[in-house]
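Following the hints, position chains B and C against chain A.
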Amino acid sequence: MYDFGVKTPKSVDEVKTALGDSDDGQYLAGGQTLIPVLKQRLAMPSDLISLARVDGLSGIEAGGDSITIKAMTTHADVAANADIQSAIPALAKLAGGIGDPHVRNRGTMGGSVANNDPAADYPAAVLGLGATVVTTEREIEADNFFTGMFETALDEGELITEIRYPIPEAAGYIKFPNPATRYALVAVMAAKFGNTVRVAVTGAGPCVFRVPEMEQALTGNFSPDSVKDGMVPADDLNNDIHASRDYRAHLIGVLARRAVAEANG
Amino acid sequence: MPAITVRVNGLEVTKEVGARTLLSTFIREEMKLTGTHVGCDTSQCGACVVTINGKTVKSCATFAWEADGADIGTIEGLGDAENMHPMQEAFREHHGLQCGFCTPGMVMTAVNLVENNPDIDEDGIKHGLEGNICRCTGYQNIIDAVKTGAKAMRG
Amino acid sequence: MSTFVARNGIGESQRRVEDFRFLTGKGQYIDDVNLENQAYAMVLRSPEAHADIKSIDASEALALDGVLLVVTGEDWKAAGYGTIPTKSGVRKFKDGSDLKEPPHHAIAIDRVRYVGQPVALVVAESLDACRDALELIEVDYDSLPSVTHQSEAIKDGAPQIWDDIPNNICLDFELGDEEAQKKAFEDADQIITLELVNNRVTATPIEPRGAVADYDAETGKFTLWNASQNIHANRDTIADAVLKIGKENLHHIAPDVGGGFGGKNGVYQEPILILHAAREIKRPVKWINDRAESFLSDTHGRDQVSTVQLALDNDGTFRGLRTETVGNLGAFCGTVGPFTPTGGSSRTQGGPFRFDAIYYTAIAPFTNTCPLDPYRGAGRPEGSYQMDRIIDYAAAKLGMDPIELRRKNLIPESDLPMKSPMGLDIDCGNFPAVFEKTIEISDRAGFAKRKEASEAKGLKRGFGVCMYLECTGGGPKEEAKVVFRDDGKVELSVGTASTGMGHETVFAQLLAGHLGIDMDDIEFHQSDTDATDIGGGHGGSRGLEVGGSAVTQTSREIIEVGKKIAAHRFDVGADQVEFEEGRFHVPGTNHTMTISDAIDSQNDPDSLPDDLEPGCMNISTVFERGIISIPNGGHACEVEVDPDTGTIKVDGYWVVDDFGTIVNKMLADGQVMGGIAQGLGQALMENIVYDESGQLVTGSLMDYALPRADDMPRMVIDYYEDAPTQKNLLGVKGAGEAGCVGAPPAIVNAVCDALKEFGVHHIDMPLTPERVWRAIQDAKAEG
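Order-wise, the sequence lines are chains A, B and C. 1 is the number of the first residue of the first sequence in our numbering; add one for each residue after it. 1 is the number of the first residue of the second sequence in our numbering; add one for each residue after it. 1 is the number of the first residue of the third sequence in our numbering; add one for each residue after it.
Any given hint might turn out to be false.
Interface residues of chain B toward chain A, partial, derived using beta-carbon atoms under 7 Å [to be verified]:
hint	residue
1	A19
2	S43
3	T56
4	G128
5	M153
Under the rule of at most 20 Å between Cα atoms (straight-line distance), these lysine to aspartate or glutamate pairs were calculated in the EDC-like manner [stated by the list, open to error]:
hint	chain 1	residue 1	chain 2	residue 2
6	A	K39	C	D31
7	A	K39	C	D132
8	B	K147	C	D711
9	C	K665	B	D119
10	A	K39	C	D290
11	C	K26	B	E30
12	A	K228	C	D642
13	A	K39	C	E125
14	A	K39	C	D128
15	C	K457	A	D246
16	C	K457	A	E262
17	C	K87	C	D172
18	C	K780	A	D246
19	A	K39	B	E29
20	C	K665	B	E93
21	A	K39	C	E135
22	C	K26	B	E89
23	B	K32	C	D32
24	B	K147	C	D710
Keep in mind the hints are simulated off the structure, nothing from the lab. Quantities reported herein were computed from a predicted structural model and do not represent experimental measurements. Beta carbons: idealized from backbone N, C-alpha and C, even for Gly.
Bound-form chain A, shown alone (with noise of 0.2 Å):
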């Protein structure tokens, strides 16, 4: 590691005041990736701003037809919340299959939403479930939030403090873990709210996206049969020493069609 300095604000005004100090700050989540990553001296942040002990950061909170996550929860509590689990399992799911246990322990959802890394599990619930980032600026909607790889549309500074998440009438998430790292070789997250279906793929592509072909097949049936081999094309898939991107390709599939076997339960 290089060194740093150190920044533990209290607030949300002291989080801008410690940034607006720092020569090249860098937020401090849960730092179950950024720390590696500093360790092998991949990244050089002037200071960590410790998110850890800013107030109301943290907690869930279920109302009528979302369910409100603060940033800094982390993925054990995601995933024993009771009412995520009643309302939606699949996200439970998807944060309980983060990396192992430990990591779930320290790992927080805006962390790993904001990192938007093309592998991560997060990703594929906001953008799948359609669900609304609020920052410390505005309001952002998951279809404009991800915008390349390790990209989003947060501003220099700008931080996630909640992520909205409505309520699906039925959704289901199935990832193909990576053996070495639990992170997804591809990932597929299909939700079901009336008549809209939204199916996001993470791991597959340089980002994750969306698969306008199957919600429309799937809109009129919500139905694993409805997911037809081929309706992503290889072509813009990752390819790598982890998987091909014809390899990729079918799994998303078969993975769909899991998806949506599970969301229909």
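Okay, now just chains B and C, sitting in the frame of chain A:
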């Protein structure tokens, strides 16, 4: 960095730490508790698992200053050779360890799993051990040890 | 607490002594060794697969606060140090010429030949200062063409890794009678050919390598604490061959070692570099690898491509076997690297099956990759994979039952003892009995029902077996020394090295059982050049076979001396004294004397006969094994394959091993299960991959998958104990490597059985989901 105050295995200490000091380094070098091991640099192996406020974490992926004010539990706080914790006893009884390097993290994880779910079954144990790699045992004896340890902990 | 052990220590699943230490965080591993005033070292590793070093500028690094020393190849040249020699047991080409051994220096001199090779050593006051300094060392490389795959390396025109080694070939090799093999092939009805890849893997002990070096300027003596499996032999190499300081001036010690599996066996560069540094700066120097460096620099294992041919008759009778292998040695000769693909893989060719003739031939080339050295099994897993895969492949091609095919060709008990076509001395065993027991315990009756249940879920279930034949190895001699201390403690020192296998328990169990003393009074010492004069360390499943025999031999000699002391007291001839359960007695009299009495008397000249000196019961003996033992066994495995994704679940696992006498079943089970996990890892997920430019792609635990708890099936381990060997004092046949010898072919056979309906009969390891899925697609496309 200002000094941090933590309770390690129940003992309160206040110490200066550097910004870059990982919790694993703090435990091993400042507290001289070398039962917490470091086996990788990407947070996969789990040899460094300790508890912070009763939750297992990878101490190699946590800064010491993040634990300011917290209760930290390490393998040394579980039991000593004359008076081992039932989970430690169970690991010995079932030969749930060979070289012993992953063992502290494995036992800390096992105790925590059972504390959170006293009636944990085999699948639950396997899932719960996802963040701890053992290269010696093939895991079967570890799983059996956790079952026996759970039974003993239930009393 | 007292722990008494019966029956000469044999047969009890004694719980482990070392566990108290390991379970309570009191183990002392290399990173727990800290010396006063120590400095820290880190290694600058080559980012180039093959390049000339035009210059190294360390001036900025040296100017950095806290940096004490930078060592480069120029320093090494100036010091005139020697090279690290290979101890390969095979040293001649087929034509009788010597193996080509390039100079292997502890640090790169003028040229680098693999990514990760040490280019400089930085010594500083802290690790952070080391890291800062590493970034400031400027190395000017002139890149050269590189080659990482063995099949490419031996081609004419391939990049030359060593100017004077044509086609990069270190060694070639043959074993067996080629003429007889050709004759057998001519006579046979069928010849089945299969190309196999035995993937490159790495041992990956969870404790990374590390060492702490100290130098005493007054005495000129060095001390090296080293996470090594092979303390005595490596001391000799480091002190005599490389640093030229004389082995009497190097005290070499291994603390608790967190796993080895062969990966900590050889002589590595870094401990040598820090010994040099400790003398230069006159301070202790500590170095610990991180995991990323471990992948780059721990020797790799396996990596063979082979063509296997089985000649058999239409009734299934095996006639001949021919295997042609190309190994991959990496850029240098590892400590025993060249032996593995040559001698190491040759001896067990043919397994426990009858053949008219067998011929094995190998080529061992250099490539621009990390050097190869032993990994658990070192050659035998490759051999068993070749044998048991070609059987199932032939069965599939010829429409035969692979179980029947094995049954028909197993060497019957009546043929033993025999000399195998590969020259192995197979003294005892009962392969048909082991095989039938394996089939019997693997619940074949329930298979059809389980297959039906799998089918209902859209999954394919398969069953596979392997019937392996192994041979042990490692140093043939071992020392066991016993000293009875005045405080009642018994020091037992053995020259073996336990890196988790439980020697501290099993050797104490043997000594206590033989002598009738309390196990808890025994203090165990190992891996210390001051503790024993000789030591064979760890390797080749030798621990119990050679070390356990040495303990037994020393125990017997102690009893003989005790008999003389008892005879002196009772005034009878020593031949009239008997020893049983810790007591000397003279049958037909009431004369008895406990072993403790005898021990107490050993320092009192009045209690001793004239021919004994005080301290006469403190005995050290060296046991020397004549011939290696032949462990053998059956593995059976059931898998469930998801044809839609290619995912494999290993769902059941059964083993019957013939390890001769089982001294401690619990420890034997542990060795087998751990070996199966490593075999499963190789079969399903582990793979070291270099890209075309020689960069290591699988350089972390995020890219190199290791088996976790939920990857493992429940394993049933059983033994065939009716064939103890006479080759050692305990009747044991080494158990340490067998698990990963049997597992890969059993698992791959089971997967191919599951997929036979698609026409899939072979997939190269590792059987990742994508490879399985692709094999199904390809087979479907071929129709």
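Ascending list of hint numbers which this structure does not respect = Hints 5, 9 and 15 not satisfied by this model.
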